[in-house]
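Given the structure of chain S, go ahead and fit chain A onto it with the hints provided.
As they're listed, the protein sequences go chains S and A.
For what it's worth, my numbering labels the leading residue of the first sequence as 1, then goes sequentially.
For what it's worth, my numbering labels the leading residue of the second sequence as 1, then goes sequentially.
Just so you know, the hints here were simulated from the structure itself, not pulled from any lab data.
We put the CB at the ideal spot given by N, CA and C, even for glycine.
Treat each hint with caution, since some may be false.
To be verified - Some but not every residue of chain A turned toward chain S, in silico, with C-beta under 10 angstroms: (1) ALA65; (2) SER105; (3) LEU114; (4) PHE117; (5) PRO133; (6) LEU144.
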Amino acid sequence: MDVFSDLMMGLSVAITPMNMLYLLIGAVVGMIVGVIPGFGPSAGLAILLPLTFGMEPVGAIMMLAAIYYGSMYGGTITSILLNTPGESATVASTFDGYPLAKKGRAGPALVMQAVASFVGGTVGVVMITMLAPMFSQVSRSFGPPEYFLLALMGLLTLIVMIGANWKLGVISALIGLALGTVGVDLETGQGRYTFGSAELIGGIYFIPIAIGLFGLGELFYAFYTGMHRAGEGTLVDYRKETRFWPTAQDYLSTRWTMVRSSVLGFVVGVIPGAGATIASLMAYSAERSISKTPENFGKGEMAGLVAPETANNAASSGAMVPLLTLGIPGSASTAVLLAAFMLWGLRPGPLFMEQNSELAWGLIASMYLGNMVLLAINIFAIPLFVQIVKVPYRVLGPCIVVICALGTFSVNASFVEVWLMMAAAIVGFFMRMYGFSPAALVLALVLGPLAEQALRQTMTISRGSFDIFFERGASLSIIAVTVGLVVLLPLMSRYGARAKAAKTTDG
Amino acid sequence: MRIVFLLALLGGAVFYSYIAFFDLTFLTRTGRIGPGFFPRLVGGGMIVMTLWAILDALRDRRVVAAGGAAAPEDAPAGFWRDVVVLLAMVLGYAVMLRLFGGFVSTVAYLGLALFVFNPRRHIQNALVAVLFPGAVYLAFDRFLNANMPPALFNLPF
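In isolation and in its complexed conformation, chain S is listed as follows (with noise of 0.2 angstroms):
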């Protein structure tokens, strides 16, 4: 079949009543996620995954990638309005949104960014249609050699964007990969840590230890900064302003903004490690540096708030082919997203579009419906938005707690798992307050089990020769790319952090 035939297959499997409600439901939670501060996608996706247990897999996992993307969207609404981004991949989008908010014109604002995104958005995965099965044809040569190296380039790319504190990133993957050494040894039958205890003898579970991480820890943490003890902030109240929808000017002089950062944002997204906050930092930097009025950057240039948010959700749809066609999350919101598809029996990879096609594509295409819906939303649900940022995050937090504590539990009915999420969201802390990694962590925790097997199964066909790692033509293309993109990406970081230190400057 060709891609065009798949992806009407996947309309016709996306398009039923209940997989839109799920659709629709995943986009709303999905901007709520995003409009909380400090509760980013993957505590989002972390906590709402154990809710989907008793879905089919299809709605499932479209609503598990609508809160994804979804979140992209929200966060914005946060920047522009309160100067506060919803969760990092907004950070870019304050630098231009919020003046154009005090300069009176958010409702434009608002407007524009629900466009931009749903470009970005959509150039996003129509690009997702035409490479996915390339890459899956591609990998399909790949072996347990080249299953291993590219889990040892997922974590070596998260690593080396961590930048100063990599040691901390290090030492974070590893407290992952010991976690996911817990349980029965599946070749010799042998306990590992498992100290007697039948709960440990599967495994320590990942979705406690990322709800812990995610959820809990960074509620912990944002009570730490005094998140709590915050007034409601000075919200931009667009409703008094004389012209809510854009200029025509508006869309004109950002109509190429849209296409150059829907194109670096995806290529950046594809990129393991890198993910939607580089991506938009990178745009904002590119735009500002190609525009002819780069002193209006940062003072309220719609150029400046179109670039980082086409750039974030076309980066979000890049994310999702390593993860659909190699297996491998870039992020810790694709870890978790990871972990959803295992959990339903399904292990995405080279032969996931071929052996569940009807999922895939109807995955795909319910991204194309996803991005519309949340477009509609933006646009014309905006007011219920801001009333839930008006909610103080003294009230929101406990019941964040409650939310942790009651999901867990509903995975496996298990009070142990409600005790390691506690464990965890301790330790995530501490992790986030001395700038460890939790994103490593979880990362490392859903890639090492994969990696081990592949090493092991990698010693065991060549007889316990590392050589076979530079015997092969896939292998070596894969170091060859790892070692790119650990040269790559700092350079990557420091041309996007360029834009934040230019926007902290000019005050």
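Below, chain A without anything else, positioned relative to chain S:
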């Protein structure tokens, strides 16, 4: 405090490696990689990296003591008391979940947490403490058919 955390991690790494080296086999009887191979790599790596981080932390502390700039990883003073209070409530909530089940524990925990962190708004707090657990109960138990913690001791209401 950072050093204390790193020392705790080092303790964990040493314990993990001890088991990897003394309880788990490196190779299987057939000469294949055994269950201890990967844990030894991970444990050894953890010990080396944690020691390196501890040395860095000690060096940073010396620089700070000598009047230099604070280490970038040094966290600014925060609301420790609030974190400890929240943590105590969360732990108490976990114990109550086991004893009194999902709904009652959640009402009690939320009532107390909101009383402490959102003072002088008694009506708002009371409403949130009852309505939110009610909504969660309906969503979990009725709509999603998910497990809610059962009570060990059923209250007479």
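Results for each hint:
no.: 1; hint: ALA65; result: 19 angstroms, violated
no.: 2; hint: SER105; result: 9 angstroms, holds
no.: 3; hint: LEU114; result: 6 angstroms, holds
no.: 4; hint: PHE117; result: 4 angstroms, holds
no.: 5; hint: PRO133; result: 7 angstroms, holds
no.: 6; hint: LEU144; result: 5 angstroms, holds
Of the numbered hints listed earlier, the single one contradicted by the structure is hint 1.
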